[in-house]
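Please model the complete structure; the sequences and the hints are all you need to start from.
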Amino acid sequence: AQSVTQLDSQVPVFEEAPVELRCNYSSSVSVYLFWYVQYPNQGLQLLLKYLSGSTLVKGINGFEAEFNKSQTSFHLRKPSVHISDTAEYFCAVTEENNDMRFGAGTRLTVKP
Amino acid sequence: DTGVSQNPRHKITKRGQNVTFRCDPISEHNRLYWYRQTLGQGPEFLTYFQNEAQLEKSRLLSDRFSAERPKGSFSTLEIQRTEQGDSAMYLCASSPMGGVTDTQYFGPGTRLTVL
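Line order of the protein sequences matches chains W and R. The opening residue of the first sequence carries number 76 in the numbering used here; numbering runs sequentially from there. The opening residue of the second sequence carries number 31 in the numbering used here; numbering runs sequentially from there.
It is worth saying that the hints were derived from the structure and are not from the lab. Even for Gly, the Cβ is constructed at its ideal location relative to N, Cα and C. Hints are not guaranteed to be accurate.
[Claimed, not checked] A few chain W residues that face chain R, going by a derived Cβ cut-off under 8 Å, partial list only:
#: 1; residue: F89
#: 2; residue: P93
#: 3; residue: Y107
#: 4; residue: N116
#: 5; residue: Q117
#: 6; residue: G118
#: 7; residue: L119
#: 8; residue: L121
#: 9; residue: L126
#: 10; residue: T169
#: 11; residue: E171
#: 12; residue: D174
#: 13; residue: F177
#: 14; residue: G180
[Unchecked claim] For the chain W half of the interface with chain R, some residues (derived, Cβ under 10 Å), not all of them:
#: 15; residue: Q120
#: 16; residue: G178
#: 17; residue: A179
Written as structure tokens, this is what we have:
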């Protein structure tokens with residue numbers, strides 16, 4: 076069965092700095108990969124998803140992620156973060172069976 | 031599009047009591063999911079419905095848990111004889127067609143505290 080590891084539980088960065096949130100997955104078959112963001116007291120919101128095709132996926136709010144099959148990774152990046160990006164970020168993977176598996180999450184804190 | 035709504039937002043109950051949560055998906059979304067999220071963890075899949083049919087249940091869904099979606103619209107999740115280990119955030123999500131590539135839209139969750 077598929078699984079997801081988010082390597083950093085917390086990532087503090089200063090405003091306007093670049094950020095990378097790391098995600099590794101394990102699966103024996105083709106996968107679909109997702110990044111969700113959860114703002115305080117709100118539901119999870121999809122940032123971006125990789126289904127097929129180009130390995131560089133662009134999402135909302137200036138985020139992008141790159142699918143690397145050889146390294147089984149799907150790291151999330153943003154070149155310049157804002158205070159408003161402070162949130163919990165979840166990487167998720169699913170195979171054809173519709174059972175989506177989430178990582179434990181990375182708390183991004185953007186400091187002024 | 032008013033989004034996925036869940037009620038109540040918070041529920042405090044005593045061990046041994048039964049609780050029921052409701053989820054109203056986005057109108058005309060065929061698929062509805064339930065997840066559980068404990069502190070410091072990501073959501074864990076519990077079950078999902080395609081219209082009114084419950085198609086898959088996780089091993090996490092013990093016999094004390096039951097979910098329904100009688101008319102293919104709203105869904106309820108009932109926990110009988112609650113235990114302290116049931117304390118968690120219960121999330122509902124819906125998607126339009128139900129394929130693995132569909133975006134799931136999440137509700138704000140119901141936070142359950144079992145005393």
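To see whether the hints hold, each was checked on the structure:
1. Proximity of F89(W) to chain R is violated relative to the hint, the smallest CB-CB distance being about 25 Å (cut-off 8 Å).
2. The interface hint given for P93(W) is violated, since its Cβ lies 24 Å from the closest Cβ of chain R, which is over the 8 Å cut-off.
3. Taking 8 Å as the C-beta contact cut-off toward chain R, the hint placing Y107(W) at the interface holds, the least distance being around 6 Å.
4. For N116(W), the interface hint holds, the least distance from its beta-carbon to any beta-carbon of chain R being 7 Å, beneath 8 Å.
5. With a least beta-carbon distance of about 6 Å to chain R, the hint placing Q117(W) at the interface is held under the 8 Å criterion.
6. The criterion of a C-beta within 8 Å of any C-beta in chain R is met by G118(W), whose closest approach is roughly 4 Å, and the hint holds.
7. Because the closest C-beta pair between L119(W) and chain R is about 4 Å apart, less than 8 Å, the hint holds.
8. Here the hint on L121(W) is kept, as its CB sits about 5 Å from the closest CB of chain R, short of 8 Å.
9. For the restraint placing L126(W) at the interface with chain R, the shortest Cβ-Cβ distance is roughly 5 Å, inside the 8 Å limit, so the hint holds.
10. For T169(W), the interface hint holds, the least distance from its beta-carbon to any beta-carbon of chain R being 5 Å, beneath 8 Å.
11. Because the closest C-beta pair between E171(W) and chain R is about 6 Å apart, less than 8 Å, the hint holds.
12. With 8 Å as the threshold, the beta carbon of D174(W) comes within range of chain R, its nearest partner Cβ sitting at about 5 Å, so the hint holds.
13. Hint on F177(W) holds. Least Cβ distance to chain R is approximately 3 Å, under the 8 Å limit.
14. Because the smallest distance between the Cβ of G180(W) and any Cβ of chain R comes to about 5 Å, under 8 Å, the interface hint for this residue holds.
15. This hint holds: Q120(W) has a C-beta 7 Å from the nearest C-beta of chain R, less than the 10 Å allowed.
16. A least Cβ separation of about 5 Å between G178(W) and chain R falls short of the 10 Å threshold, and the interface hint therefore holds.
17. With 10 Å as the threshold, the beta carbon of A179(W) comes within range of chain R, its nearest partner Cβ sitting at about 5 Å, so the hint holds.
Consistency with the previously given hints fails for numbers 1, 2, ordered from lowest to highest.
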